[in-house]
Amino acid sequence: MTHILLRDLDIPDIWQFDTYVANGGYEGLKKAVQEHSPQEVIQIVLESNLRGRGGAGFPAGRKWSFIPQDAPIKYVTVNADESEPGTFKDRQLLEKNPHQVIEGAMIAAYAIQAAGVYIYCRGEFWDLAHALEERIEEARQANLVGENVLGSGWTCDVYVHLGAGAYICGEESALLNSLQGLLGQPRVRPPFPAQIGGGLYYQPTVVNNVETLANVPWILVNGADEYKKIGTPQSPGPKIFCMSGHVAKPGNYELPLGITFRELIFEHAGGIRDGKELKAILPSGASGPVLVATDEVLDTPLTYEDVAALGSTLGSASIILMDEDTDMVWAAAKMTHFFKHESCGKCTPCREGTYWLDRIYERLLRGEGTQHDLDMLHVVPKQMAPVTLCALGEFAANPVLSTVTQFPEEYERYIQRSDAPHPEMADAMSTVTRGTTGEVPEAVAEGGA
Amino acid sequence: MADIVTITIDGQDFQVPAGTNLVDAAKMLGTDIPVFCYHPKMEPVGMCRMCLVELGSISVNRETGEPDLDENGEPVVRWFPKLQTACTQKTYEGMVIRTTTEKVVAGRDDILEFILTSHPLDCPVCDKGGECPLQNLTMAYGPGQSRFVFTDKLNLDKHVPLGELIYLDRERCIQCARCVRFCDELVGDDVLAFHERGRRLQIVTISDPPFDTKFSGNTTDICPVGALTTTDFRFGARPWELDEVPTICPYCPVGCNLSASTRLDRDTGGKKIIKRIMPRQNEEVNEIWICDKGRFGHHHSRSTERILHPMIRKGDELVTVDWATAYAEVAARLKKYGDRTGFVAGPALSNEDLWELRKLTRLVGEQRQRGLWPATMSGIEAIAQAGAGVGTRVQDMGPGGAILVIASDFEEEAPIWWLQVKQAADRGVKVVVANARGTKLDKYAAATMPYAYGDAVAVMNGLAARARSRKKIARSLVESRVDGMDALIDSLKGVKVPHPEAADLLLDADDLLIFAGGEGLTLAQHGELMQAAANLLILTAHVGRPNNGLVAVWPGANVQGAMDMGFSAETTAALLDDPPPMWFIAEADPAGEDVRAAEVIANAECVVVTSLFMTETAQQADIILPGQSFAERDGTFTNGMRRVQRFYTAQGPIGDSLPDWKIFAHIGRQMGGDQPRISTGLVMREITEKVFRYADMGYPNLARVEKQFPDVGGDDLYYGGTAYTNTGGLGVQWKTNAEHEQHRLTVRPVNVDSFAADGLQLIPVRVLYDRGMWFRVSDVMDQRVPAPYVELNEADAAGLGIADGEQIAVVLGERTVEVRARVNGKTPAGYALLPMRLSDAPTLTVPAAGVVQKIEE
Amino acid sequence: MLADKYADRIEEIFAKYPDKRSGIMDLLYLAQEEYGWLSEDALREVAALCDVDPTQAQSIAGFYTMFSEKPKGKYWLQVCTDLPCALRGADQFYRELCEYLGVEDGGTTGDGLFTVEQVMCLAACDRAPMLQCNFHYYENLDMETIKALIEQWRARALEEVPEPGE
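Chain order of the listed sequences is P, Z and E. Numbering-wise, our numbering comes out as the position in the first sequence, counting from 1, plus 9. Numbering-wise, our numbering comes out as the position in the second sequence, counting from 1, plus 15. Numbering-wise, our numbering comes out as the position in the third sequence, counting from 1, plus 76.
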């Protein structure tokens with residue numbers, strides 16, 4: 010099939026400006042700017058029912074329509090802080106098809122008449138981000154970015170901002186704080202980013218995921234109706250599925266929304282590694298509840314609403330597969346440790362709850378867990394999840410609750426044994442924050458590196 | 016005015032202004048919603064999650080606009096499925112909350128359990144124990160028994176100095192960020208921040224000096240746990256042993272209301288002493304804040320250096336005498352010199368002291384030379400006419416208002432006013448700063464009006480000229496009540512307006528408040544500046560109503576009162592010009608602060624002083640009478656906004672010391688005056704009868720309190736521990752002439768002459784942390800007091816061959832003072848800034864030509 | 077001083093934003109490149125450039141894991157051991173790497189060349205085991221490949237320090 014998003018799979022050097030343009034690149038932006046009013050562009054995207062690919066699935070067009078048109082300064086911020094365990098789609102887009110993201114961002118910027126676009130890349134995308142700046146410069150040279158875009162009189166520049174290692178900055182208000190040079194902690198909402206007082210520099214701001222914006226040029230060129238022919242009515246369009254874990258052929262797969270787990274895993278991604286049985290699926294990285302790989306689950310279409318009906322979430326469609334040998338307590342401990350490490354600390358329940366859970370898992374992995382610990386694994390997440398400031402607290406509860414309820418016998422086995430099943434990992438978990446255990450050799454401490 | 020909306024709390028309907036913070040609204044209506052991170056003086060952040068409530072909205076039919084009704088005819092409420100934080104909600108029509116349901120209580124219980132998982136349960140040894148919101152809320156919420164395994168607690172450092180004044184206990188911290196937000200948002204000193212993240216989120220500072228703000232102590236008040244404590248009070252006493260005594264800060268013209276926490280103390284042989292100073296809530300004055308000078312500068316009240324007994328000079332020796340001998344001796348001297356006596360009152364005598372001193376001057380003779388120290392500022396007439404309207408609260412001013420701060424290094428001279436004006440700027444008040452050099456307030460100002468030292472009056476006069484040319488003159492007021500208009504208007508013709516754009520910010524505002532300091536002005540110029548300000552305010556009718564008028568940034572806590580009681584700086588200046596043989600100096604140290612005064616006093620025949628300490632002046636004295644600090648007696652101060660405020664006896668006297676008013680009355684008795692009154696209340700009663708502006712200042716009036724918002728200081732579940740409840744009175748402001756309809760107002764042309772700038776001019780400047788006798792004995796502040804210095808412009812320094820940091824000589828007439836040179840590009844060329852009261856030797860209190868030079872090897 | 081040495085780059089950084097404070101992360105990277113780690117002096121330098129109190133620079137440096145307030149080895153190896161990588165053997169890979177270099181979890185080799193740490197997800201789950209060395213990706217690793225790389229780095233270290241983003 011021909012890819013709409015992962016076009017590098019069809020045209021390997023599409024990252025190059027000339028190649029991109031030769032293959033219809035920037036036609037969407039031209040069409041938007043030269044043929045449509047900003048309001049019409051919003052209308053087209055609204056009609057396409059393009060839903061946010063960052064996780065929440067919120068319709069992009071509606072997000073854009075919330076921006077007060079008369080606000081003097083508005084921004085578009087591209088969320089490229091891809092940090093969810095199991096997610097690696099934005100990285101491929103930005104590395105291999107960067108102009109499409111820039112074009113999508115510029116269309117969004119035109120639609121809301123933004124004064125600037127900031128692409129917030131996670132810090133680990135160091136090389137990628139620097140390359141991206143070169144791509145932006147190419148677009149600038151071609152008058153597709155910057156002053157008087159395509160002679161329209163509208164000026165909008167695109168900048169890359171590098172994060173520095175914090176999952177929470179994927180949360181849009183934390184991202185905005187981080188961009189402003191503040192601690193990357195979420196803000197109180199309302200005001201929401203689209204409102205005055207809530208966005209970047211407290212101006213109305215659209216925050217969209219990389220993949221969401223990568224859909225936009227195609228929609229502009231081909232129209233909302235064509236777009237809606239892909240996927241399902243409620244979840245239209247193509248989606249990149251990140252396949253990782255015990256899958257035979259890990260990697261990104263661009264397929265229409267509505268494909269079933271079974272088709273995705275077994276027809277496209279080669280099934281389970283080493284011919285093992287599939288035990289459990291994390292459909293949205295570490296942050297969604299674990300699904301036991303029953304036939305019902307496997308035959309469920311991958312849409313926002315169908316996965317939700319299973320009691321999990323499609324999220325960013327980062328599908329981590331776990332085979333029959335996987336220790337679910339260990340897996341939950343891994344995810345819990347991740348969330349404890351990434352909790353920003355701003356609100357009490359998440360700060361304390363993730364820490365509490367982490368300590369319990371550490372004890373379990375050492376073989377020192379008690380019935381009380383097990384009881385608390387049922388209690389603490391429920392106590393934490395509904396009252397946190399942002400969604401991280403809910404995410405952190407999911408792996409715990411979904412494993413203690415679906416794999417109770419595995420937990421029972423842990424508190425019955427006295428040997429240490431995973432001592433190394435327990436040790437690692439006791440390192441409260443990464444980087445605080447290792448002593449620095451004197452030579453380094455004195456001389457600097 | 017905001018729209019009034021109906022909200023429902025626990026089934027009861029209430030009317031409140033729309034957009035009120037829900038926690039505040041509930042509190043005003045009698046429902047406590049527990050909080051840790053929320054504070055009514057700061058923006059909500061929704062961090063602690065303690066204030067959970069069930070929140071819903073009355074469902075409204077879109078077509079009819081009427082509420083949907085259920086089968087019982089009750090409005091249908093659409094509830095949020097999850098609990099919501101009240102602190103992040105603002106009231107709106109149809110808001111419904113429940114605060115007492117099982118769900119709410121369970122939610123709060125859960126949060127409390129979370130908070131306690133990493134809080135050390137060391138209440139028995141914690142300074143906050145007994146006045147701790149967390150302790151109180153733990154009594155009300157939470158399971159009582161933690162399900163958290165105790166050994167899982169994260170251990171963090173417990174004694175982390177955030178500078179020398181404040182200690183942090185990292186285990187006790189619950190990461191509410193009140194301290195960070197106070198410093199960052201309210202004060203603008205971004206010197207505290209969180210480090211790391213998640214459970215390891217910790218408060219840090221690496222500012223230089225550490226925790227570099229003049230308001231650091233307030234963070235310990237608003238800390239809802241015992242994480243922040245002061246060096247001054249740490250491990251000093253338990254809150255329940257303390258007896259709170261209302262008092263007033265003796266340092267600056269703001270007149271912050273303080274609470275002296277006192278205890279019968281073993282260290283003082285069982286006598287009652289001040290263990291700490293806390294802010295006392297007065298929303299009309301300091302709200303709930305105080306600066307670190309007021310908080311930590313109370314140690315002079317029980318310093319071992321205090322003078323304990325009356326003393327008389329016999330040859331080279333000072334001999335201790337009893338009071339009767341001392342009174343007789345002073346009276347004899349006063350009789351001998353009579354009218355040839357100059358009286359000088361210090362800046363922090365109480366009104367009662369001043370009244371009795373005034374009475375004494377009348378017994379001595381006809382001249383009644385009543386001087387005031389320091390002799391730097393004047394303009395009581397300008398204040399009497401155009402002083403800030405009664406009810407002025409900078410904190411009420413909004414975007415329609417403007418504030419001019421002129422000739423003052425505002426944060427150094429009146430920190431809490433600075434804080435309020437800074438916050439006003441944040442709210443959109445047009446703050447304009449006029450000074451001959453940059454100050455910290457400039458950063459927040461809508462505009463600045465820089466001028467050369469000597470030109471302050473011209474700047475102020477230029478504003479009046481601009482008002483004239485822009486036809487901003489308030490005809491109705493001027494035509495009905497103002498004298499001297501024609502001459503003034505004539506004088507304004509053709510006057511240059513130095514900064515027209517900044518001027519228009521002030522002239523176009525609905526409210527205009529002027530704070531006038533005295534930096535870089537001679538005494539005569541200061542009088543003209545005050546008149547020029549009064550001219551402007553009267554011309555534009557910015558008088559006689561709240562948030563309009565003139566405020567002088569006086570050089571002391573009761574300079575206003577001293578002027579009200581008939582003392583003046585002009586008299587002091589005249590006395591220095593034509594020195595009398597005898598000087599009677601009450602609680603002032605002219606010889607320690609000013610070279611010229613030092614010369615004059617050294618040559619006097621007879622000097623009598625009342626003093627707490629052996630100041631330079633006391634060392635010259637023939638008779639020394641030990642007075643009492645603010646802590647040992649009752650009295651009143653009148654602050655810079657003319658608010659008369661009571662302070663109460665907090666601790667027993669040191670040695671044989673007596674309050675000054677009593678000393679003066681006893682001396683007067685020897686001179687044929689009345690029997691001394693038995694209390695300050697009776698002295699004030701006499702003042703109310705004799706001084707018409709003080710007619711309402713009887714003690715019962717001054718002691719009146721009313722409910723204030725926010726409601727702090729109680730032991731409720733709300734903002735307990737934030738500040739102290741005001742039980743001592745909110746004070747009473749006296750009305751200006753503008754506020755008395757029957758009074759006429761007078762304007763006149765001003766003299767805008769600058770001073771002759773010939774060679775380097777030395778400009779005395781005020782610094783908050785100085786080496787004044789009262790403050791220097793508070794050891795805890797030592798590190799904040801700079802070594803004596805002079806600030807020089809780079810070009811001037813280069814011309815003199817002086818390098819930054821070099822120890823140099825400032826030549827002041829016959830004397831030379833050694834100070835450190837601070838060379839920078841900010842000091843205006845041609846001027847040297849010499850802080851007052853930093854050197855052990857006297858320097859300058861008014862500008863003068865001077866010489867700065869390298870020290871000869 | 078950064079201000080003199082990198083005047084152009086600093087100007088470029090500030091040009092991106094309407095508020096100087098937004099440049100703080102870029103400047104911290106710059107300081108870290110220059111000095112190898114973020115000492116208190118380095119934090120003060122960055123804070124002065126952004127017109128904020130040094131405490132704010134420390135706060136930002138402490139929040140994000142890619143800033144280091146401690147000296148690191150010349151090669152800062154960050155191995156992802158999050159769940160998706162761990163399902164593909166990252167834990168064992170990390171252990172063996174530590175063993176090979178003779179360091180504990182989070183430790184630095186005695187010669188100051190290598191610091192080894194575990195990190196959270198690096199968006200390379202499909203190519204585990206993987207690591208970042210001074211923020212550059214190395215993916216689909218096994219012990220043989222990483223040993224070869226380490227020996228290359230060791231040899232190169234004698235000549236020059238690789239800088240992040242070079």
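Be a bit skeptical, because a hint or two may be false.
[As the list claims (entries may be wrong)] In silico contact screen, one side only, chain E against chain P (beta carbon under 8 Å); selected entries:
# : residue
1 : Asp80
2 : Tyr82
3 : Cys197
4 : Ala199
5 : Trp229
6 : Ala231
In case anyone wonders, no lab produced these hints; they're calculated from the structure. Fair warning: this is a prediction, and the values are worked out from it, not measured in the lab. Even glycine gets a Cβ: it sits at the ideal position worked out from N, Cα and C.
We went through each hint and held it up to the structure:
no., hint, result
1, Asp80, "violated (19 Å)"
2, Tyr82, "violated (16 Å)"
3, Cys197, "holds (4 Å)"
4, Ala199, "holds (4 Å)"
5, Trp229, "violated (13 Å)"
6, Ala231, "violated (17 Å)"
In the structure shown, a violation is registered for the earlier hints numbered 1, 2, 5 and 6, in ascending order.
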